[in-house]
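Given only the sequences and the hints, what does the whole structure look like? Please build it.
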Amino acid sequence: MEIGRKTLLPLLPLMGIVALVACGPSAAQLDETQWHRAEALWKRGEADAYQAWRGLAPQQRYGRQARDRLERADILYRRAVEELRANRAGVRETLLEALALAPMDPALYLPFARACRARGTLWRAADFYRKFLAQHPPVEDANAARRELFALAGDRDPFPLEFEEAPRAPTSMLNDAGVPWHGFVWAFPFLTLLGLAALLRRLGRHRVRPLRDLVLERPELHQTVAYQIGCLRHEFLKHRIGAAAEALRALARGRASPEQRKFLEERLCRGEPLLDVWRMHVTSLERTLGLRFPLTRGDPFFRDAQQALAVLTRAVKMNGTKGARRLEQAVAQLEGLDRDLSGLVAHLTHCRVDDAFLRHVLDATRSEWASGKVELDEIVVGPVPEAVAVDVYATDLRIVLKNLLRNAISALDQSPHPRRLAIDLLLDLEPTGEEIVRIRVRDSSNLGADLLDSTGVRVGVEHGLGIVRTALLRYDGSLEVAPAGDGYAKAVMVRLFRSQGAAAESVGVAA
Amino acid sequence: MRRLLVIEDGSEYAEFARLFLGHDFEVVAARSAEESLHALETQSIDVLLVDLRFDRAPLEMLAGNIEASAERLFAGDRSRALRHLQDQQGVLILSALRAAGHHQTAVFVHEFPARRLANLRRLYGEVRAVPSFDAKALRRALGADA
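Chains as they are written, first to last, in my numbering: chain E, 11 to 521; chain S, 75 to 220.
No lab work stands behind these hints: they were computed from the structure. Watch out, some of these pointers could steer you wrong.
[Stated by the list, open to error] So the derived label-pair ranges between C-beta atoms look like this:
#1 E:Gln317 x S:Glu109: 56 to 62 angstroms
#2 S:Glu86 x E:Thr234: 37 to 43 angstroms
#3 S:Glu86 x E:Ala374: 49 to 55 angstroms
#4 S:Glu141 x E:Gln317: 36 to 42 angstroms
#5 S:Met135 x E:Pro310: 51 to 57 angstroms
#6 E:Lys248 x S:Met135: 15 to 21 angstroms
#7 E:Lys248 x S:His97: 43 to 49 angstroms
#8 S:Met135 x E:Lys383: 41 to 47 angstroms
#9 S:Phe94 x E:Gln317: 42 to 48 angstroms
#10 S:His97 x E:Ala342: 35 to 41 angstroms
#11 S:Phe94 x E:Lys248: 52 to 58 angstroms
[As the list claims (entries may be wrong)] Covered by chain S, according to a simulated footprint, are these stretches of chain E (three or more residues, beta-carbon under 8 angstroms):
#12 437–447
#13 479–492
If you're wondering where the values come from, they're calculated on a predicted model, not measured in any experiment. Virtual Cβ for every residue (Gly too), placed ideally from N, Cα, C.
This is how it looks when you write it as structure tokens:
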């Protein structure tokens, strides 16, 4: 025994290491973890996504998949460069296909930049030059790229020629100009104060604002937030609080029957604690909005509701012997939150369409590189006879209209001058008393006229309209293509029912 | 006694009317635009109580043109047009009755938004709506107290 212990003693560290390795993550787990990280980098558009993908072990499942996708994407990216150089059509499609597969090899940034420059898409070229330079390429290539970028953007370029040629960061206590390091002693507190001020401003923006404000400035989150609010209202405020409201009022007035008390005890105190369920809903909203401070601090309705829940829970637990006085007010506060949230959701699902909205969508489309470079001779926005609201998430309607505008501009790009584009809105009253809103995009190109049949109007599912049609189905809308007069070749129309809900813009009768 | 024409695809409205409004009205029932027109042409009707949705009515009994509706509103989609005709059938029947010259007050049990109700009044004259089967509110809307 003694000998055995002595023999084993030196082996203990080795055994420990073996045990640690055995308990550590397996190669497959590691592969999966690294893949998720690499995928997240790619989705966030991070510069080091490509390296993260390449870094995955090719003998593992995810690594193998990543390598395969990188190779397929690489072929497509290189084909896109060739298409750009040859000024051939279909670059966008090739690029989109590649982008959907895997990140781009940074080695291709420079060829892309040069091909874009040759094709005349200068700001896209500048973008690739900057991406290339950000990779810290060999000095010779970097200098060439800088010169080309400088030639593109002139004095306004944020990458002056000298910038990258200087050492990347000072390595001694003297900077390049020979200023002694203690110059930073003064600069440091100042910069720290500036940084703190910026941080406080950023945090403050999130802290003191109610949910309505936070949501309205994030249209991309409207659907998610509306769903979360819907869950909070339905599962919590309606089924747990609303259903018990009458009994709670009776309890507050000291008139609750034994059945009502039993009902309240079961509904509010059994199962998942009320405050836990509430916090779960609120946390999910906070997470969606990326808040750093509790919603209950910035939104008075949420703050009051949280206090009300505490009052209510206490009162029910004490069977109305304590806290009953404030119970009625607590119920009213929770009902107030429900009404406020209902109004907010109604507002989110409404989209007000007027001249400004149409102009905004058009500008957003023209700011895209492909649509922006097409020369148009005439653009007409509106008139919208009166501002109308439709029950569609603004983000979705923007996507739909941008698709139509993009198609029209793309068709005009291949058509002779004069190139005319118009977007406006028509309003019709149906025999059912409903009103139909038609948002119409007209253009003077004959391309796409094959969407029309001899009888005139028909739905178009080709030329990228399928996605629009699918999006519209969610809102009981439809898409029509019709011949257009007044110097236009065709009109593509989005048809939707006008909103007549409480949040609609006016109660006046349709003209 | 005043005569009430109940237009619906089932029998719930008529049963309710007989039970709660029977003291004020003689109830006549119709299940389509055609039956309603027949009733209006053969009897003296004072007021109409109209159901809005006709989910159970066969296609051939529905007022409105499904093809035209599909083409105008739903890009040729007949199934969506059919659903719309069913959902709005009460108003479409009222439209047919008004076109035939019958201008009695029409009452719906439906919570129309204010704008929609205003549009209906503009199109079809005296149209009223009560949000639920509240006998007192219905009696008032039907003019039983007049």
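message: Of the numbered hints stated earlier in the document, which are not met by this structure?
response: 4, 6, 7, 8, 11
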